[in-house]
Every structure is written in structure tokens, then in C-alpha cells.
Amino acid sequence: MDWINERTLTLVCAAAGALQAAYLARLFIGLLRAKGRVVEQAGLPRVEPGVRGLLGLAYSRAAFDPQTKRWSVLAQYLFAYVPFWMLAGAPLQAYLLFWALRPPASWGLFGLCVLLQVLQAAAAAALILWVAQDRTLSLLKAYGDLVVVPSRRRAARFEWGRIARCVPEGLKVIDVGAGHGLLAELIRAERSCEVRAFDPAPWALGTVPVEACGAEALPLEDGGADVALCLCVLHHCPDLDAVLRELRRVASRLILIEDRCEGSWERFFFRVLHLALERFWKMPFEREGFSTSAGWRERLERAGFRVTEMRALRLPFIVAAQLLIVADRTRP
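First residue of the sequence shown? That's -7 in the numbering used here, and the numbers climb one at a time after it.
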């Protein structure tokens, strides 16, 4: 292992530190731009200054309130990813510190490790001071604009790539369970469709308004849409059959993406995943919302749909799959 030497380790340590620094620098640039900016607090409960107030916004009852959902989600992202980026390099830096202190000690490498730790501690302290000065909402807005919105746009484009060939030009499309609404925005731009987005707890980040509405009672007339999108949503619905009946009422075509549970591994993987989402992201799920390919076909046919396409979608880096299902409404 001749390639393990002081120069190599210094380069690796510097690269890891540069990645962390770039991420945090984007956030702090946003904070400086947001300094002094007043964020409209209409409809929001008073946010207590400090980390405690930020935690309350992220994980208290505010997380379920449609008026505060957007801010709550941004706070959850902040707690999920900022500590990750601050701590991601800790094992590597500890390993490098071990090498730095081995005889003969490399004080240059040791100093670099210490400097990275000091910078990360300073970053954490700066975030704490920012929210302690009653600027929690401006912090969240800056973080959302710089980090959350770009990452959700990439996720929306990934989802669009999976369903694009199923959505023709110029149709009336509804996105049920739209959340941030960025996929609806993308469909409108790519297909010139008339798009409406619905979610029981919307946190719109794009230009398409997301209407606060449950999937069991959509504010549409019979046959009011050509295509209904329901992507990774049905397993969160308490009354799945009622949602399918409502989707059949308003749309002539249904496009679903749902977790496939064909074997014990997929059942275990998706169950653990959704338990974590329920615990940390306040996203409850229903066990009846998971099924095999045959189970989904049977359920949709019972609800009055005819499945025209069903195929597995492999998840990146994960030995599990989801199902893309296209189903047309049958005649009464």
C-alpha cells in the first residue's frame, strides 16, 4: 500500500473539506443575502428564537398544519442534511489524524485536520447564533432557495424521466399528492398541459399553486381531467379504495408509481424505509397500500380501471423496485 502516504492523505482530506466547505458556503451566502430581509409571517405561529424553536417548527404539530407545512419541511431538511454534511467527514478526518500522529508525526497534516474541525464547529455556531437572533424564517428561506429547491427540481426531473412517455401533449393533467408542485411545473413546461396540483399539506416551491385538498374529494367535475398522476402517494392514504374511486370519477387515465413488494427483501426494505419516514418526516403510511404486481392489477380492476402497462422501475443503488402502472378507466 505504497500509495498511502502523507501527500495522498492530505489531498483526500483537502477534497473532503472542500466539499463540505462548498456546501456550507452556499448556505452562508444565502444567509448574508437574506440579512435584514423580513419574511412574511402571516398564518404562522410565533417561532421561538433559537434551536428549540426551529425544532418545534420541524417536529411539532406545525408539521401537520397546511399553513405552516412549507416552513416545517424546510426545517426538517435543514436538520436532516446540515448535520450530515458537517459530520460526513468526521470518520475520514479521525483516520487522517491517526496517520498524522503516527511517528514520525506530521504536524502539517495534524494542523489541517484540526482546522477542518474548527471550521465545522464555527459553521454550527453561526447557524445557532442566526436562529437565536429571531431570524429563523429568513434562515429557512435562504436554505430553501439555495439547497432544497435545486435538489427537489432534480428529483422532479428524475420522476418526469420515468413517466414522460405516458403523458401526451396538451392534456388536462392533475397531480394528486403533489407536495412541492415542481413536477407539475415541469409537466406544464414540457408538454404544454393544463395542470392542477393537489396535496392535503402543500408546501409549494414552484410556480404551480398546490391546492390544499385530500385525494378522497377532489374539487373537479366528473371527467374533469384527462390524466391523473399519483406518484408514491397511495400507500399514504388511509382509505385507498375511496381514493381510487375518486380518481376514476375525475380522470380517464391513471398513472401510478408505487413500491413493489414481491419478495421478503422488498417488503422488509420498504417497511423500514417508511417507518423511518413516519418517525422523522411525519409521513404516515398504511400497510394495505403495499402490494405485489398481481395485487395492484386486481385492486385497480376492482376499482374500475383496466391496466394497460405495468413495468418495474429499478431504484438507483438499491436492490428493490417500484412499479409504474398506467390504467385506463373502464366503462360503467
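Because the hints were derived from the structure by calculation, they are not lab data.
Some hints could be false.
Within a straight-line C-alpha distance of at most 20 Å, the following computed EDC-like cross-link-like pairs (lysine to aspartate or glutamate) qualify [as the list claims (entries may be wrong)]:
#1 LYS274 <-> ASP218
#2 LYS164 <-> ASP233
#3 LYS164 <-> GLU238
#4 LYS164 <-> GLU213
#5 LYS164 <-> ASP137
#6 LYS164 <-> GLU203
#7 LYS133 <-> GLU151
#8 LYS164 <-> GLU182
#9 LYS164 <-> GLU290
#10 LYS164 <-> ASP231
Per label pair, the in silico range of CB-to-CB distance [as the list claims (entries may be wrong)]:
#11 GLU293 <-> LEU265: 22 to 30 Å
#12 PRO211 <-> GLY287: 24 to 32 Å
#13 GLY103 <-> PRO276: 31 to 39 Å
#14 PHE71 <-> PRO95: 21 to 29 Å
#15 THR284 <-> GLN109: 45 to 53 Å
#16 ARG157 <-> PHE272: 29 to 37 Å
Quick reminder that beta carbons are idealized off the backbone N, C-alpha and C, glycines included.
Would you mind confirming whether the straight-line C-alpha gap from LYS164 to GLU213 stays at or under 20 Å? holds (13 Å)
Pairwise hint evaluation, GLU238 against LYS164, where the allowed Cα distance is 20 Å at most: Status holds; Cα separation ~16 Å.
Given a hint of 24 to 32 Å, does the C-beta separation of PRO211 and GLY287 actually sit inside it? Holds - the Cβ-Cβ distance for PRO211 and GLY287, about 30 Å, lies within 24 to 32 Å.
Keeping to a limit of 20 Å between CA atoms, is the pair of LYS133 and GLU151 held or broken? Measuring from Cα to Cα gives roughly 25 Å; hence the hint is violated.
Would you say the C-beta atoms of GLY103 and PRO276 sit inside 31 to 39 Å of each other? For GLY103 and PRO276 the Cβ distance comes to about 49 Å; the hint is violated.
Quickly compare the C-alpha distance for LYS164 and GLU203 to 20 Å and report which way the hint goes. holds (16 Å)
Check whether the Cα positions of LYS274 and ASP218 lie no farther apart than 20 Å. violated (32 Å)
Hey, LYS164 versus GLU182, does the alpha-carbon distance stay inside 20 Å? Roughly 13 Å between the alpha carbons, so the hint for LYS164 and GLU182 holds.
Range hint 21 to 29 Å (beta carbons of PHE71 and PRO95) holds or violated: Check failed, 41 Å falls outside 21 to 29 Å.
Below or equal to 20 Å on CA atoms is what counts here, so check LYS164 against ASP231. Not satisfied, since the Cα-Cα distance of roughly 25 Å exceeds 20 Å.
Cβ separation of ARG157 and PHE272, checked against the hinted range 29 to 37 Å: At 34 Å between Cβs, range holds.
Taken at face value, is the distance from the CA of GLU290 to the CA of LYS164 at most 20 Å? Roughly 27 Å between the alpha carbons, so the hint for LYS164 and GLU290 is violated.
Hint violations for this structure: numbers 1, 2, 5, 7, 9, 10, 13, 14, all remaining hints satisfied.
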